[in-house]
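Asker: Now for the letters of each chain:
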Amino acid sequence: MRYLIVGSGIAAVGAVEGIRRFDRRGEITVLDGEKRGAYTRPLISYYLSDPIHYADLSFRPDSFFRLNQVEMIKARGIKIDRRARILNLDNGMQLAYDRLLLACGASPAQLELSDLNQRWVSNFYTLEDVERLNMNIREGQQAVVIGSGLIGVKAAEALLKRGLRVTLVEKAQHILPQVLSPTAAARLGVYLEKAGIKIIAGDELAAVYPQHRIQLSSGTVLQSDQLIMAVGIRPNTELAFSAGLKVGKGIVADSYLRTSDEYIFAAGDVIETPNLITSNREIMALLPHAHREGYLAGANMSGQTLFYRGGVAMNSVKLQGWSLFAAGIPKPGASIFYWQEDDKYLEIHHHQNCLQKFIAINLPEVAGPLLSIIETQLPIPEKMWQEYVECYPTIANLPALYWQKIWKGEKNDSIEC
Amino acid sequence: MVRLKEGEVRIPSGCAIAGILNQKGTCFSGDRIISCIASMRQRSNGLGGGFAAYGIYPQYEKQYALHLYYDHEKARSESETLLNRNFKICYAEPIPVRKNSRVGEAPLAWRYFADPREERLQEQGMDEEEFMVGMVMQINSGIAGAFIASSGHNMGAFKGMAYPEDIGDYFRLDEYRAYLWTAHGRFPTNTPGWWGGAHPFTLLDWSVVHNGEISSYGSNRRFLEMFGYRCSLQTDTEVIAYIFDFLMRREGLGLDDTVKIIAATFWEDMGDRKLAWLRHRYSSLLLNGPFSIIVATGNGMAAVNDRIKLRPLVAACKDDFLYISSEEAAIRKVEPVLDKLWSPSGGEPVIGLIDNKVGLLEPKLNGVFIRSA
Amino acid sequence: MALTMLAPVFKVEREESRCIKCGVCVQQCANEVHHLDNGWMWTNDEECVACQRCVSLCPAQALAIKEYPLSFRVNSHWTPATIREIYAQADSGGVLLAGMGNPRSYKSYFDHLLLNASQVTNPSIDPLREPMELNTSLGNKTGSSELSEKPLISLRLPIMFSAMSFGSVSLNVHKSLSRAAYAMGTLWNTGEGGLHPDLFSYKDNAVVQVASGRFGVHPAYLENSAVIEIKIGQGAKPGIGGHLPGAKVSEEVARTRMIPAWSDAISPAPHHDIYSIEDLAQLIETLKVATGYKKPIAVKVAAVHNISAIASGVVRAGADILAIDGFRGATGAAPMRIRDHVGIPIEIALAQVDSRLRDEGIRQQVSLVAAGGIRNSADVVKAIALGADAVYIATAALIALGCHLCQMCFTGKCNWGIATTRPDLSRRLNPEVGAKRAQNLLQAWEHEIKEIMGAMGINAIDSLRGNRLMLRGIGLGPEELKILGVKAAGEEG
Amino acid sequence: MKITAIPDYCLGCGLCRIYCAAAHDGFQGNVLRAFKHGSPLPRINLINWQGLTYFNVCRHCQDAPCINACISGAMQRDENGRVYVDNSRCVSCYTCILVCPFGHPQVSRERPGILKCDLCRESNREPACLKHCPNEAIIWDEESGPTGSAKNKVHGE
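These protein sequences, in sequence, are chains A, B, C and D. Take the first sequence: its letter number 287 is residue 286 in numbering that gives the first Met the number 0, and every next letter is one higher. Take the second sequence: its letter number 15 is residue 14 in numbering that gives the first Met the number 0, and every next letter is one higher. Take the third sequence: its letter number 356 is residue 355 in numbering that gives the first Met the number 0, and every next letter is one higher. Take the fourth sequence: its letter number 47 is residue 46 in numbering that gives the first Met the number 0, and every next letter is one higher.
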């Protein structure tokens, strides 16, 4: 069996692990389009904040691909001949495959603005972006970060650490709109402002002028030595689209990570991931999902039939010393329970007997169990959450039903992790 | 120095034993057994020697032949009063002896050929043998200075405090003819000044010569005492004689069962339900500690080692003769060329019977562990 | 209530420089001696019973328990203990309760008996090279052939676990002992608390007790046993019944005993169907009939002054096994005065009974089991040489399981998870561990007994039984020597 | 490879936590040194539930979500199947904490990185908790062989 994997990120690593779990002998070829070799994208903000300390951005040890007998080819795929099962590469090579995995990832989304093409305007997505920034930034400069998703806030933090004055601009009414609730965002906002990050919410970039000036929709004009664009991502679906595969917002893959071509699979940021809670398909560019999708796709390419139910949005980020954990999506009509003490904060959204979303700030111990409760949609009566936030929300105080599931599961080994 | 008598103190000892049997019942002189036991002189220390001879009194075959030792005349008159009350004495005489300078101070030795008085048996409601056992116990423990050396039919024990060959000479055993001889040379670790302590130990037709020390003496003795045996001599050998009497006469067990009681099969090898039962029931009669013994009775002899063979024992055959001895050299001394010679394993008896002679030594054997000719 | 005059008996000493305030002592003490308030550790010494649980578990070795330094003026008649007892009775107006066995300093005859060994004239035996048999059979051995054999129980070694009822001890104790008994080829004893269904699988190693309260006695109980034991009395409290406080009668205990939960379980002093020896004979016969004459029937009596006559009667009443419990036998709860002042030592009783039964010629009809204060393998050997067929151990077994002899069994707050039915406490005895420890104890004693026998030149325990020549008395008077049937050290023979 | 505790015999005494804490961070099992001169953290949680105490510790899952979710490759599995964290690579994103359904990894108080059970791999000895459990309630879980990932069962298959 010849496996061909387009992309060398987390999904590809997962795919190699998935394939090798079931097939020790098949030939695996990975196309690595990165100039610098495979690395893990979330680490770039750490690289920016401390380039020496975080020089190693690899996800697996260097020997990983070698030990798994993977052939690495530095090239990008440009065209798929589905009938002949051949992939044409940008270096002119043609590779035949039995199973093809599209794990081409995503690229930063772009605003429809002119004049973005300036030296002081950069994306914050690849190692190249960050290396360029690293050379350009100077202590004391004014930086404006457009977009306060995870990429935006981590970029803001890194720049702050490097001694820049940072302004964070968010289109929505509060920062981290996908992750936090207004209440939680407000708490975090106050904290970040205190730490030195200026936050402008409910406003967006309207125009970019030369001489390091930008204007926001509200009319505010800001001085900006560095403008960082972090307004989201866009799956790299071109290859799939040109091959005639079904593509929505991302590549459409079924529950076995198979595209509309039975020999072609897709995984990672490039696909539409089913949301476990809503069953909607959406772009969920999250590292744990990418690995899982890659792993299952790899396993299925090797002949297994492992079912992928999808995932929920989840985030964990440490920001200026605060740890934020959040998962799930808010649902209208949900009951919301709050708990806070000092800098600790917990918010629980409960709807129809199930946990829908939680936000935990500086309360790490409960994050894992709460995510697991959301993912498994474990029915827990609302009353229990009420009691939970009324007493001190520790891991030990979690609703008994959760522990029951854990301990009972342990006995018959149905839940290992 | 106060010389302690046997019975007043328990004396451990090492020993030599020997036995010669003619399986056709042909009688032969005591010369051979004396020569045999004399060759194992190093195994004795001059503090005890003795012989049992079967077939020596054909003229009084039906009577009990009582050998008595007296320390003094008073003991004799007391004993004879008692004997006369209980027995019809056919004949009585001092046992003839030959002066031997190596035999020290000797007790008076008498022999009586006697039948128990019928009226006494009826009075006591006992059979003859039970009555005899009672008499032996009574005299041995009741009359000071008197001791019954043997009390069987057509047999006698000759024993004393000297090397066995000197005892043999003293009692003029070269002049007796028997079909079965056993002998004993003793190495006690004390100086008991009394002839009764020497081997063989006898009861009725049983005689026992024994090399060894029975560590289970206390248990064995207390068990036997429950059945009326009085172990007045405090010696292991006495207990062995009583055990044979108890198991084979009173309990009616065969020789194989008896051997399997005194030298029991280890539990881990116990396959047989009957053997297990014997062990359960008679566990207190297990003879524990090192021993080799020769038990003789009117129709043969049996020799057995303790179950882990802590003492020497060899057996040999030549024509009609069965030889048993502590050492091979002693057998070779009297019979240089043998048909067969072997060293029995621990707990494995050697049994020699006289053809066509009925007696207590009734093996009831399955032939597996009998290894005589 | 007015001031109590009872001062604490023990003092908990905490070395502050070692204490790490981990709270293990707080969590472990069922008597609530230790407290941790906002980083401050303090103790309530009054409640301390010196069970040593906290000392054993303290990871910093910061704790020590000492006698409370309370000095009364020296008075050898009115000792501090005597005074305290009076205070306690003046406080409560009640009978003083006590647990475990008689702690007073009566003479221990085991300690005045010495064992024999072989030298030169017969060889000692090396138990590592030669077989060494401790196999023991219990029951009536007077059957006339193997076909008429009476039911006998074979043990791998002559040590059994004595009666301790479920309720007085935790189920985990029973689980530990039953597993150890199974592993070692010996018996354990249910006591009078019934047999928990979980333990039916250990029936071939179980002695089930029929006691005056008849708790838990039903056909399956009698069937699931190796031996049935009628308990007349126990060494710690001859002539006294039992009382398991309602607080210890958990649902499980109640089900096993067939009584209502949380109600007191009272065992009457006598069996109300045994008012004389012939009644005992009837009960023995009844139990034999009920179990098809397939099981030996044991009778357990406490060692009292006329024990030999009682023993003779019990044997003639048909008992196959007679267990005699000496005055050092232990209990979960007994009136202190009874525990400390009633009965006679097992060594004396055993010697007396063995001799008496032999004199009467009925020793073969019965196996004698000695109980009450057997502390080590030398005690076992001495008991067997005095005439026992086997011994029962209970206190030693509990100590193996962790008991520290605090003697407060009756409170139900045993910190070692032994004498309690509280689930949080009984959990502290993992039967896996308990079984292993109890088994280790038996194994160790087995090895030691073999060594001792080997030294004596004996390779079967049968030859030690009643072999009093293997014993010599030391520091005993002529009367005591006579009763024990042993010679004095230095006496020959 | 994992350890577990039998709830029926867990006393809840917490000695496992104490010895765990002392076994790591260079204290080499010396409880006094650890607690008197440091503020060691255990990698074990004891959860009281329905009168029983449960021993909540890393399962060293076959298909460990923490390894798969780790953004920096700090979470790794060694040749014996033990999941451990290489804190020199950890960037404290705490994704492992988020994805562990048992809430096992903890934030390290002293320095960046996380704390998790590594079965005492550094000392190369028997896990300290297992060794010191006074009731032998903590045992190696022999049965949990490579049975695949429950995440598969939960999310896939």
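Hints are not guaranteed to be accurate.
[What the hints assert, rightly or not] DSBU-like cross-link-like pairs, simulated, lysine-lysine; straight-line CA separation at most 35 Å:
#1 B/Lys273 to C/Lys287
#2 B/Lys339 to B/Lys273
#3 C/Lys412 to D/Lys130
#4 B/Lys23 to B/Lys61
#5 C/Lys10 to D/Lys35
#6 C/Lys106 to C/Lys293
#7 B/Lys273 to C/Lys202
#8 B/Lys308 to C/Lys486
#9 C/Lys10 to A/Lys317
#10 C/Lys10 to C/Lys412
#11 C/Lys435 to C/Lys412
#12 A/Lys78 to A/Lys317
#13 D/Lys130 to C/Lys149
#14 C/Lys435 to C/Lys149
#15 B/Lys308 to C/Lys149
#16 A/Lys404 to C/Lys20
#17 C/Lys293 to C/Lys65
#18 C/Lys202 to D/Lys130
#19 A/Lys317 to A/Lys34
#20 A/Lys245 to A/Lys78
#21 D/Lys1 to A/Lys404
#22 B/Lys273 to B/Lys98
#23 A/Lys34 to A/Lys245
#24 C/Lys149 to A/Lys404
#25 A/Lys330 to A/Lys382
#26 D/Lys130 to C/Lys10
#27 D/Lys130 to C/Lys435
#28 B/Lys339 to B/Lys317
#29 A/Lys197 to A/Lys170
#30 B/Lys273 to C/Lys65
#31 C/Lys106 to C/Lys10
#32 C/Lys435 to A/Lys404
#33 D/Lys35 to C/Lys486
#34 C/Lys65 to D/Lys1
#35 A/Lys73 to A/Lys330
No lab work stands behind these hints: they were computed from the structure. Source: prediction; values computed, not measured.
Asker: Does each hint hold? Answer for all of them.
Answerer: Hints, one by one, checked against the model:
For the hint pairing lysine 273 of chain B with lysine 287 of chain C, the CA-to-CA distance comes to about 24 Å; that is within 35 Å, so the pair holds. Straight-line distance between C-alpha atoms of lysine 339 of chain B and lysine 273 of chain B comes to about 32 Å, which keeps the hinted pair within the 35 Å bound. For the given pair, lysine 412 of chain C sits about 27 Å from lysine 130 of chain D by alpha-carbon distance, which is consistent with the 35 Å threshold. For the hint pairing lysine 23 of chain B with lysine 61 of chain B, the CA-to-CA distance comes to about 21 Å; that is within 35 Å, so the pair holds.
Restraint check for lysine 10 of chain C and lysine 35 of chain D: satisfied, since their Cα atoms lie roughly 25 Å apart, inside the 35 Å limit. For a cut-off of 35 Å, the pair hint linking lysine 106 of chain C to lysine 293 of chain C is broken: about 41 Å separates their Cα positions. Under the criterion of a C-alpha separation no larger than 35 Å, the hint pairing lysine 273 of chain B with lysine 202 of chain C is consistent with the structure, at around 26 Å. Restraint check for lysine 308 of chain B and lysine 486 of chain C: the C-alpha separation of about 31 Å stays at or below 35 Å, so the hint holds.
A C-alpha spacing of about 51 Å is found between lysine 10 of chain C and lysine 317 of chain A, which places the hinted pair above 35 Å, so the restraint is violated. Annotation: proposed proximity of lysine 10 of chain C to lysine 412 of chain C holds, straight-line Cα distance about 19 Å (limit 35 Å). About 24 Å separates the Cα atoms of lysine 435 of chain C and lysine 412 of chain C, which keeps this hinted pair within 35 Å; it holds. Between lysine 78 of chain A and lysine 317 of chain A the CA atoms are separated by roughly 40 Å; this puts the pair beyond 35 Å, and the hint is violated.
A threshold of 35 Å between alpha carbons decides the hint, and for lysine 130 of chain D with lysine 149 of chain C the separation of about 50 Å lies outside it, so the pair is violated. In summary, the hint linking lysine 435 of chain C to lysine 149 of chain C is supported, as the alpha carbons are separated by about 33 Å, within the 35 Å threshold. In summary, the hint linking lysine 308 of chain B to lysine 149 of chain C is supported, as the alpha carbons are separated by about 33 Å, within the 35 Å threshold. Distance hint between lysine 404 of chain A and lysine 20 of chain C is fulfilled; the C-alpha atoms sit about 33 Å from each other, no more than 35 Å.
Among the hinted pairs, lysine 293 of chain C with lysine 65 of chain C is inconsistent with the structure: their alpha-carbon atoms are about 53 Å apart, more than 35 Å. Proximity of lysine 202 of chain C to lysine 130 of chain D is assessed by CA-CA distance (about 34 Å); at most 35 Å being required, the pair is judged to hold. Annotation: proposed proximity of lysine 317 of chain A to lysine 34 of chain A holds, straight-line Cα distance about 29 Å (limit 35 Å). Our distance criterion of 35 Å between C-alpha atoms is met by lysine 245 of chain A and lysine 78 of chain A, whose separation comes to about 15 Å.
Proximity of lysine 1 of chain D to lysine 404 of chain A is assessed by CA-CA distance (about 19 Å); at most 35 Å being required, the pair is judged to hold. Taking the CA atoms of lysine 273 of chain B and lysine 98 of chain B, the gap is near 53 Å; set against the 35 Å cutoff, the hint is violated. Between lysine 34 of chain A and lysine 245 of chain A the CA atoms are separated by roughly 29 Å; this keeps the pair inside 35 Å, and the hint holds. Restraint check for lysine 149 of chain C and lysine 404 of chain A: not satisfied, since their Cα atoms lie roughly 56 Å apart, outside the 35 Å limit.
For the hint pairing lysine 330 of chain A with lysine 382 of chain A, the CA-to-CA distance comes to about 18 Å; that is within 35 Å, so the pair holds. For the suggested pair lysine 130 of chain D and lysine 10 of chain C, the alpha carbons sit about 31 Å apart, so the restraint of at most 35 Å is met. In summary, the hint linking lysine 130 of chain D to lysine 435 of chain C is supported, as the alpha carbons are separated by about 16 Å, within the 35 Å threshold. Taking the CA atoms of lysine 339 of chain B and lysine 317 of chain B, the gap is about 7 Å. The hint holds against a cut of 35 Å.
Between lysine 197 of chain A and lysine 170 of chain A, the direct Cα distance comes to roughly 14 Å. Compliance with the 35 Å bound is thereby established for this hinted pair. Straight-line distance between C-alpha atoms of lysine 273 of chain B and lysine 65 of chain C comes to about 60 Å, which puts the hinted pair past the 35 Å bound. Proposed proximity of lysine 106 of chain C and lysine 10 of chain C is supported: the alpha carbons are some 30 Å apart, at most 35 Å. A C-alpha spacing of about 33 Å is found between lysine 435 of chain C and lysine 404 of chain A, which places the hinted pair at or below 35 Å, so the restraint holds.
For the proposed pair lysine 35 of chain D and lysine 486 of chain C, the alpha carbon gap of about 62 Å is over 35 Å, so the pair is violated. Between lysine 65 of chain C and lysine 1 of chain D the alpha-carbon distance is near 42 Å, which puts this suggested pair outside the 35 Å criterion. For the hint pairing lysine 73 of chain A with lysine 330 of chain A, the CA-to-CA distance comes to about 44 Å; that exceeds 35 Å, so the pair is violated.
Against the hints set out earlier in the document, violations occur for numbers 6, 9, 12, 13, 17, 22, 24, 30, 33, 34, 35.
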